[in-house]
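Top line first, the protein sequences correspond to chains A and B.
Read left to right, the first sequence gives residues 1 to 142 (the working numbering).
Read left to right, the second sequence gives residues 1001 to 1094 (the working numbering).
Keep in mind that the hints were calculated from the coordinates and are not lab data.
Errors might be hidden in some of the hints.
To be verified - Covered, in the sense of this in silico footprint (three residues per stretch, anywhere, with C-beta under 8 angstroms from a C-beta of chain A), are these stretches of chain B:
{"no.": "1", "stretch": "1011-1024"}
{"no.": "2", "stretch": "1047-1059"}
{"no.": "3", "stretch": "1067-1073"}
Since this is a predicted model, take the numbers as computed values, not measurements.
For each residue, glycine too, the CB sits at the ideal point set by N, CA and C.
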Amino acid sequence: MPYNPALVAPMRQEMTIMGARELTSAADVDSALGDQRGTMLVFVNSVCGCAAGNARPALRLALQHAVKPAEVVTVFAGQDVEATSRARQYFAEYQPSSPSIALLKDGEVVQFVHRHQIEGRSPQAIAADLTAAFDRHFAATV
Amino acid sequence: MAGHVFHPGHQELHGVTVVLETHGSKTYVGRFDSQDERGVHLHDVGVHDAGTPGLSKEEFLKRCDKFGIRPEHRDLTVPTGEVARIGRLVDHVR
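Excised from the complex, chain B in its bound form:
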């Protein structure tokens, strides 16, 4: 089964762990499922809110890289209007 893709026909980022930055204070890290007119659909999503005390966004992303993502949402749709950028987690931390 080497190299076998179980779910062909999906968008390029399908199944990839991404960092979704919003126009607001929140950054989401989760597994990209798809994007449609409703927004971006993610699974197993961790959340960083720059508006609350705690780790900086960079520290949060480094922690996600080392220890994995502590999901706050099993499934989450981020409305299209809130999405500023989407990139792979590995590209954010290297």
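With the rest of the complex left out, here is chain A:
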């Protein structure tokens, strides 16, 4: 059951402030991911403070890096259920978890950061992994 919208509003706002575009319906997801070109980061948001509480600030830090995805979009697991379910259909063989982060290039998932690679780590450590991934996958394309 989704949490009270007022409770999760700050978690949504934390994403939009850093420039992420919220996808709240399956149609939104199809529009963004259906014929995706270039570089994109999909952040699967979560209310879980253990992991998402560090993942969001980690992403904010990582997006200050010179090399970064051209677009950042987000779905909210447990809140925007339809959108999240549809987004996961684009993640191929990667199993769902939240929070999680998918890096896409021309419609293909080039790296997936699972919840277990986020939980218990500092925002700085997560951001370092993300910027390394940006360099590895996106450097030549931005």
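Chain B: place on chain A using the hints.
Positioned in the frame of chain A, the structure of chain B alone reads:
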């Protein structure tokens, strides 16, 4: 909400993806919930059974790390007597 912990007061591993090795052939990978007199309670649990053909335990754990955990059990309690070791998945694969 940066750094906000939604469920304070839980055990250290609460919410963490762990590898639970048993004294038998099975290894479980899932999200640790809690531990009490009944055993260890996990969520979204993948299972490796060394007694059946397929991936080795190491290969299974590497696959879980890369592709995530394919859950066979939404909720699972592993009885205390069966538990040999519990550690973080990330520590097993690095």
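Verification of the hints:
For a cut-off of 8 angstroms, the count of residues in the stretch 1011-1024 of chain B with a CB near a CB of chain A stands at 4, and the three-residue condition holds. Counting residues of the stretch 1047-1059 of chain B whose beta carbon lies closer than 8 angstroms to any beta carbon of chain A gives 0, which falls below the threshold of three, so the coverage claim is violated. Residues of the stretch 1067-1073 of chain B lying with their CB closer than 8 angstroms to a CB of chain A number 5, which satisfies the three-residue condition for coverage.
In this structure, only the earlier hint numbered 2 is contradicted, and the remaining ones agree with it.
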